[in-house]
Amino acid sequence: MSDEAVAGVRRLSNAYQNWYRFSRNPTAMIGLTIVIVCILAAILAPLITPYPEHVGAVVNFRARHLPPSAEYWFGTDNVGRDIFTRVVFGLRVSLLLAVVVLGTAIPFGTVLGLLAGYYGGWVEIVIMRVTDIALAIPPLVMALAVAAVLSPDLINSMMAIAALWWTWHTRLIYSITRQIRTQEFVEAAETLGAGRFHILFREILPNCVSALAVKTSLDCGFVILVGASLSFLGLGIQPPTPDLGTLVASGASFLPDYWWESVLPGCAILFLALGFNLLGDGLRDLFDVEDVR
Amino acid sequence: MSAALLSVRDLSVTFTTYGQTNAVLHGVCLDIPAHSQVALVGESGSGKSVTMKAIMGLLRQPPATITAGRIFYDGRDLLTMPDRERLKLRGTAMSMIFQDPMSSLNPVFTVGDQMGTILKYADRRLGRSRSRRERLARVHEVLAQVHMREPERVASSYPIMLSGGMRQRVLIAMALLSEPKLLIADEPGTALDVTTQAQILKLLKDLVTERGLALLMITHNLGVVRETCGYVYVMNKGNIVEHGPTAGLFAAPREDYTRALIAAVPRLTGGTRFGRQNEVRP
Amino acid sequence: MEFALFLIRRVLWSLLVLAGLSVVIFVIARGMPGDPARMALGPRASQEQVDDLREKLGLDRPLIEQYGLYVSGLARGDLGKSLLTERPVNDDIRSTFAATFELVLVTITIAFVLGVPLGVAAARWKDRWPDNVVRLVAIFSAVTPSFFLALLLQILAGYVLHVLPTTGRLPPTMVFSPDLTGLVLIDSLLQGRFDAFAEGLRHILLPATALAAATMGQIARITRASMIDVSSQDYIEASRAFGVPEPVRVFKYMLRPSFVPPLTILGLEFASLIGNAFVVELVFSWPGMAAYGIRTILQKDLNAVMGVVMVSGVFFVMVNLVIDVLVGFVDPRVRIRGRR
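Residue numbers (this note's numbering), protein chains in the order written: chain A, 1 to 293; chain B, 1 to 282; chain C, 1 to 340.
Simulated from the structure, these hints should not be mistaken for lab results. Take these hints with a grain of salt, some might be off.
As the list claims (entries may be wrong) - Restraint-style ranges between C-beta atoms, simulated for each label pair: (1) B:Arg84 with C:Lys126: 55 to 63 Å; (2) C:Asn132 with A:Gly120: 41 to 49 Å; (3) B:Pro82 with C:Trp125: 19 to 27 Å; (4) C:Pro245 with A:Asp288: 27 to 35 Å; (5) B:Arg76 with C:Val322: 49 to 57 Å; (6) A:Gly120 with C:Leu16: 16 to 24 Å.
A quick note: this is a predicted structure, and the numbers were derived from the prediction, not measured. Quick reminder that beta carbons are idealized off the backbone N, C-alpha and C, glycines included.
Given these sequences and hints, build the entire structure.
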């Protein structure tokens, strides 16, 4: 067998071993299942929900405030719309939020962390001091402030959260980079005259991947929670498009009599965040990166 | 043989991890007569630490299981006596000197606090009582016995404020607190530089001979053995492969394994390594 | 001595963070497109009114000069004037901050009092049922949005069981004003008003619990991890060999070194605690900064918003300083070497 083929088999069996260990971890599998189910449900929402038209401004007063039943799994809201349908569509907003925020924050935070950890000196000082400042601002309050200046909508809120979220990734990548930049394989690459770009992205970055995976999974859960809090405060996507936090907020005015209108969408947020958290926990056990939170 | 202070008979231990059971000790026998110094030598992984832990009652069960054997202290079987009785002996009749002075002291309490706590519970187990002040006086006394110049200052220091050699002395003082008859020393000083280690070994040897204590020295360093112990057990893969008086064993090792161990000792000439004469000649 | 230097360094550092924060806040509030005076007064105000307000509050000056004025105000502890009421922002925030402060204080207390023992129990019985229960509690408290937990607690304790009040800081009929410290629980004791203390406690319990859950789960998790880490240290094995009984080993030798990581985590994640406090306050009609902050945001009163964000930042920095001191007390290595 050629060397390449051997390496290929080894990589494959490594992946298989990882999968084997992962699939033996019940919490991780539950997490993965929840995440996959939620993502599929969000993508296929128009096909799988019983009343896709209830996403819009539909009014059906005869069916208002109905408790959960076979017809309306999660009951109906104050204008008679099916809450289950609106919750499934609400998943879309939550997941989109996570994707956009982390999609912006992770590349940005990772590159800054690599630079700060590898170069040290004033690069490190400037970058890490800025992360310290960003750490002092509550993302939720920041989003509120930005909403005050611009306008209260989802895009602005997402940008406000992303503008603070990268610090966590910077700190994580920074601490890993600092540990490995003096290790021999990095020094060997330096001695061989490898370019900075090669060292940062081909030598150091691969060593951060497992920690990043864990962090990303856990973060998805937390971003979804912050996003839900924002829409609960009225800074989410504008009605009538459903969004989980908004559903809880609007249902809350009918507590406790029509409890399902806020409790069930709230459970959906919890369920989604739970999935990402369990998945992150499972990955943490798998990769053995104890200190990633 | 029944005269031995500590006597290990046919000790067998297995470890079970991830559903797999591995035997790590296969019927180990060794004797430590009162007032004598005995060494247990072997490479890392030979089973000497497991033997030591079994004697001290520090084996975590599970994963370890003592499948056979007896350990007699002063004629009483440690393995069958009630836990309460055994606890009475631990740290009082038999005591241990830990290997790594950097990690064997709690970083967030003062030396005096840690020693005082040990003394307090040793007293309680033995049905004695001492006031806080009396305990502190005893702590100072023992610290002075290990040649600490300012025992009061050492007692009020946190470990981080002391040098490695001083911390190792503190570990020895801890073992001496309640006047044990048997000391088990786990490679003391290996974490220190050679000069300091030599001082520590000299101190240990002096203390043991002055007080007539029995010593079980656990080490991989035959140079240390030659200096401190009159009798040697050589251990390999969970078995005692050879034993005998130190001088004889060094002069005419019977086993290849022992010869290899002896050959591995660096040849040193000159007289200061262990604070005395000598030329280590394998 | 080293510790004093360490603290001085931390204080200077905190000032730098605050300076950086002031820039960030200023850029958001003034650097973005749009005229703050016009925003605050709304589209129907006349241009004269807008110009008048701009002149009065110095909004017509160059940005650099405005920033200078803003910072020199901050240095004196002056957050400026509201664009709407022209009242000093300080006055408005002062009256609301005490309520938020009290809520956060009780929250942290609950989080530690519950979280640390849970973490200890989980570590002591690792991989047995207490550990699994704690893991479950930790995960659920981490993934339950605080506003949702707040609603659930409100339904459960307020409507179903009728045991605890669900809104406000004190019953509306009670005449009591916390004048000394602004904290109901402390002032009531100082004035010997035990009825107010009891009511204050009853009112704060639900919001503080809702807010504490996430932090408590986090603390339990970190405490568990660091207890397990410490339990495998040589010095714990040594104390076992010397016959120190298990309760002393666990609660003295293991717990104290394990205390630093949860403290550090609390400091790092304190910002998100403040964020959640905003939501929880709203649910429980708690008269804190959140209600004020959200009102001023809706009114587009940028000066007040800047004040709220700045005070959150100052709160964060202060809590972290207190944590630095506490860490120094817990861990002599910090005290002696002057670093973590």
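A quick look at each hint next to the structure:
no., hint, verdict
1, B:Arg84 with C:Lys126: 55 to 63 Å, "25 Å, violated"
2, C:Asn132 with A:Gly120: 41 to 49 Å, "43 Å, holds"
3, B:Pro82 with C:Trp125: 19 to 27 Å, "24 Å, holds"
4, C:Pro245 with A:Asp288: 27 to 35 Å, "33 Å, holds"
5, B:Arg76 with C:Val322: 49 to 57 Å, "55 Å, holds"
6, A:Gly120 with C:Leu16: 16 to 24 Å, "19 Å, holds"
Against the hints set out earlier in the document, a violation occurs for number 1 only.
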